[in-house]
Structures are given as C-alpha cells and as structure tokens.
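Take the sequences, apply the hints, and build the full model.
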Amino acid sequence: MSAAEKTENWPGRRIAFKSFAADLARRRAELGITDADLPRNSGARRTASKKALLKAIKDAGGNW
Amino acid sequence: MPPYRPEFTAALEIFAQICDAMATRGFTRPVLVGGAAVEFYSMGFITTGDFDLCFPAQDALEEEFQRYGFIRPSGPGRATRGWVHPDLGLGFEIVGDVPLDGTVTRDHIALVEDFENGPPFAIISVEDLIADRMGQYASGTAREMLMQAQTLLRLHPDADMDYLERRVRHETGGDFGADDVRS
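The listed protein sequences correspond, in order, to chains A and B.
Its first residue numbered -5, the first sequence is counted upward by one per residue in our numbering.
Its first residue numbered 5, the second sequence is counted upward by one per residue in our numbering.
Everything labelled a hint here was simulated from the structure, so no lab data went into it.
Think of the CB as a built atom: it goes at the ideal place given N, C-alpha and C, for glycine as much as any other residue.
Take the hints with a grain of salt, since some may be wrong.
Example chain B residues on the side facing chain A (calculated, C-beta under 10 Å, incomplete) [what the hints assert, rightly or not]:
| no. | residue |
| --- | --- |
| 1 | R9 |
| 2 | G39 |
| 3 | D54 |
| 4 | P77 |
| 5 | G86 |
| 6 | P90 |
| 7 | V102 |
| 8 | L104 |
| 9 | D118 |
| 10 | A126 |
| 11 | T145 |
| 12 | E148 |
| 13 | Q152 |
| 14 | L156 |
Below, the structure is given as structure tokens:
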C-alpha cells in the first residue's frame, strides 16, 4: 500500500493547504494582526539539547 | 503564493517528504508540534529554524534524516538530540513519541494536503497547540504563551470550543479554560 493510499483512512481533520493559507492571510489582514501579536518564545525553558541545536543551526548559516 | 516565509515553506517541504518516506515504510507520519506549528497556524515569524516533531520510532526516523543529509552535531557543548542540515541551516528534533505526552488521540492530528504539490504532512491540531501554549503559560515560566494562544484563537474562530475547553483545562491543571484564551 502506498503512502498516498493510506491517507484515505486518515482519522483526523484534513487541511487543504491552499485555501487554508488564503483564508488565514485574509483573516490576519482583517484583524490587523502583526508579528507583535505573536511573541517568539522567550527561551527561558530551553533545554541544553535545544540550545545546542539552535547554535548548530546558526553555525550552519540558518537565518531565521 | 501564500505569505509564508520561503525558508519556512522550504523546510516544510522537506518535512513532508520525510513524512511520506516514513509512511511508505509503514510507519505513521511524524507530527509537527511546537513553534513551527504556531508559525503554520499563524503565518507569524515564530521559529528559529528548529522544528519539533513527535514520532515513536526514533531510530527509523533518524535513518531518514541521514538520507536527507542531516547530521547530528557532537562534541563538547554541541551534544543535542536534534539533527541539522549543514547546507540548509535547518534542524529537526524529536521531542516525544506522541504529542503532549499522549493526551492527544490520532483523530485529533491534522493532515495538511496539497502543500506545494508535495506529499501531505501531519500537524498537531490548533486546539491542542493552544492548549499546549496555555499549559506553558500556566506554569508561570512562559508568560508570552498567553498572547500566542489568544492570537491563534483569533485567527481560527472555527476551532472546536468544547474540545479546546477540555484540553486547556487538562494542560493547565484546571486553572484555565477556553474563555481565558479569548482576548
């Protein structure tokens, strides 16, 4: 059975990406939501593993 | 073209391909959780390049990471459970077998289809994501999570409020409910 066939029996919600993204962009605009409404994680709870991973991403040139 | 960051879209494409590879091998799809899921549901600039996943067969998934060119950093001060792609500046970390310590059933995991003409991928539901943010907020160590939760709910007014109420109560030890998320 292929991976595509298995999704036919997916038990949860399905999100059709293109219409989802268009609706989300429209709603953001209607509500005037900016990135100020979505603060990034403070980092206070980061594990040592997470800190090391983020450093490795930065060292690899990750520009996020 | 949806207004997601190009690097975020590119990362999701790789994640979707890895999901598909795992499904082809007979596994369930890994589930995207955490900040990358917030970015997906908000179009906000949340992630810092690390994508958190849940998947029960860690060894098999790590084989797939290696096939896609990811490496695990090692050495003093570099030990991590995560995997980094040295050319893409992107990392994945398996943070658990299942989302939120098993409190999320499979029928509450969402499947994203028609993504950039690639294969589908699995993601935590927006309700469970909000509940997770509220749980972190309730712990007292992540006050910014309340605003994330509130913004997510504003962006998704069609959320299942009964389910959200149950999940927020559970994740916050009963201290908060869905009404506390409404801003």
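To see whether the hints hold, each was checked on the structure:
1. R9: OK, holds: B/R9 within 10 Å of chain A, min 8 Å.
2. G39: Hint holds; B/G39 Cβ to chain A Cβ min 6 Å, cut 10 Å.
3. D54: Holds, because the Cβ-Cβ distance from B/D54 to chain A comes to roughly 5 Å (cut-off 10 Å).
4. P77: Since chain A brings a Cβ to about 4 Å from B/P77, closer than 10 Å, the hint holds.
5. G86: OK, holds: B/G86 within 10 Å of chain A, min 3 Å.
6. P90: holds (5 Å)
7. V102: At about 13 Å, which exceeds the 10 Å cut-off, the nearest Cβ of chain A leaves the hint on B/V102 violated.
8. L104: violated (15 Å)
9. D118: holds (5 Å)
10. A126: Holds: closest Cβ of chain A sits about 8 Å from B/A126, inside 10 Å.
11. T145: holds (6 Å)
12. E148: holds (4 Å)
13. Q152: This hint holds: B/Q152 lies near chain A, its Cβ roughly 6 Å from the closest one there, short of 10 Å.
14. L156: holds (8 Å)
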